[in-house]
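Participant: Listed in order, the protein sequences are those of chains A and B. Using this note's numbering, read the first sequence as starting at 1 and increasing by one per residue. Using this note's numbering, read the second sequence as starting at 1001 and increasing by one per residue.
No lab work stands behind these hints, which were simulated from the structure alone. Where a beta carbon is used, it is the ideal one built from N, C-alpha and C, also for glycine. Fair warning: there could be bad hints in the mix.
For the chain A half of the interface with chain B, some residues (derived, Cβ under 7 Å), not all of them [to be verified]:
#, residue
1, 71
2, 101
3, 103
4, 120
5, 190
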Amino acid sequence: MRAESAAAERPPPAAMPAEAKIRLRGVSHRFRAEDGVFALRNVDLDIRPGTLVAVVGENGCGKTTLLRLVAGLVEPTAGVIAIDGRAVDGPSANVALMFQRPVLLEWRSVLDNVLLPLEITGQRNAGAVEYAGDLLRTLGLAGFELKRPRQLSGGMQQRVALARALITKPDVLLLDEPFSALDALTREALQEELLAAWSQSGATALLVTHDIAEAAFLADRVVLLTPRPGRVAHVFDVPLPHPRTAEDRYAPELIALAREVRHAMNEAGEHQAGGR
Amino acid sequence: MAQSSATARRALPGRLLSLALFALALAAWEALIRLRGLPPLVLPGPALVAREVVAQVVSGDIWPHLWVTLTEVLLGFLLGSVLGIGLGATVAHSASIGGVLRPYVVASQAMPKLAMAPILVVWFGFDLTPKVVIAALISFFPLFENVLAGLQAVGQDELELFRSLQASRWQTFVKLRLPSAVPFVVAGLRVALVLSLVGAVVAEFVGANKGLGALIVTAQGTMNTPLMFAIFVVLTVLGIVLSGLADLVERLALRWRYGE
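Produce the entire structure from the sequences given, and follow the hints as far as they go.
Facilitator: Structure follows, in structure tokens:
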């Protein structure tokens, strides 16, 4: 059930239509169930196990709603969301979430923040503490275990949040613009660390971002959502296999893809503006 | 080290100005008495008040009264805080209990507690109890209010994190809401501590034979105005000490919250 073993053999992108890890079918969401504005309308999406899918789009295209739906934090007004073939009916222990803000508890040490998820499920033990230490070391936070969040920079705080998301060894990693509040250099460092941590975990990841270059650099596939109502406009396969290195950021394939996504976004925008 | 001495140097003119202002106020006080020829019965001069303070402290006459008032303040504060925190937490935790109790709490808050002093004397007599009850009633509300506000002032993201971790209501309460409320509680404690001194003294006016408030009434009866002023000085010092105590609690709470 756990995903540790899936890490080794992630299916190459755009190959074999393997069973979807996350599947959305006809998913719609309105802010008020009966007559509210559609945040999402009739979205179909399959996410293969062990892949990283990025959802991009303008503000208000429903990308965060999409993530919250998969997280089981909100219910769709129509359609079905399934993880491993089972309909999502609430938050699950196999799904970990990372927010735009670090959302750390400032009265807890870094280590205690990372261990919070296991503390809540009653699984905090010596092994867990050791694993938390390992995660923090991997993320360059060795020696900061007993510091408080306030004593850390924004980038370090978001690394702690990443460690907290990974501590449960989740099957599914949901990332809600986790780097958007960071400065450009810190953001790049964190993207690379996320890539490394994600490939090691073998988790299936869904990343919401408005940074097209970030989406191209991190993802196996990029999903473009258009706003009002939010729907899937395009799905792009990223033509560069994982693992990727920092250098790949400037790979011509990725730059070409980013341009393509950007054009598609503009087109969708014009289309919308014309349709009004 | 260099930095702290620099800060001290910058703070020095401010302190000097404060002292100068104090000296100026004393001089104005003395001048007023001399110019208008006010008798000590109406307004004793600073020197007379200072002598009275020293006399009271040295003779030890004032100590039992100070002790009684302090006991009332601390007992009332403790009782009121415990009840305020407990009831505030209960109301915040359970929406249904909160809905039932809320209007009563608001109504009793609007009611000036000091107005109840006479009836409390009827009920509880002239000793410690009515003053402790008044101090407790006065301490109760800042804590009740602040605990309630603190427990509800939790960020949406934090709540969502706990939901995504499938934390129980109790876990969310103990691990998230309660610690989030600590700064609010500390602020409430500070207000409650200072107000309970007011409560105790006023309650002593109404019916008491011991305590600084009772001593003020006695001094008034014997037209001993210098003694009244001496008590004001003692009460001010007591207030400053209590507020220093609140500072200490605040510092400890902040250290716990944010690390050193």
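Participant: Could you tell me which of the hints above the structure violates, numbers in ascending order?
Facilitator: Per hint list: single violation, 5.
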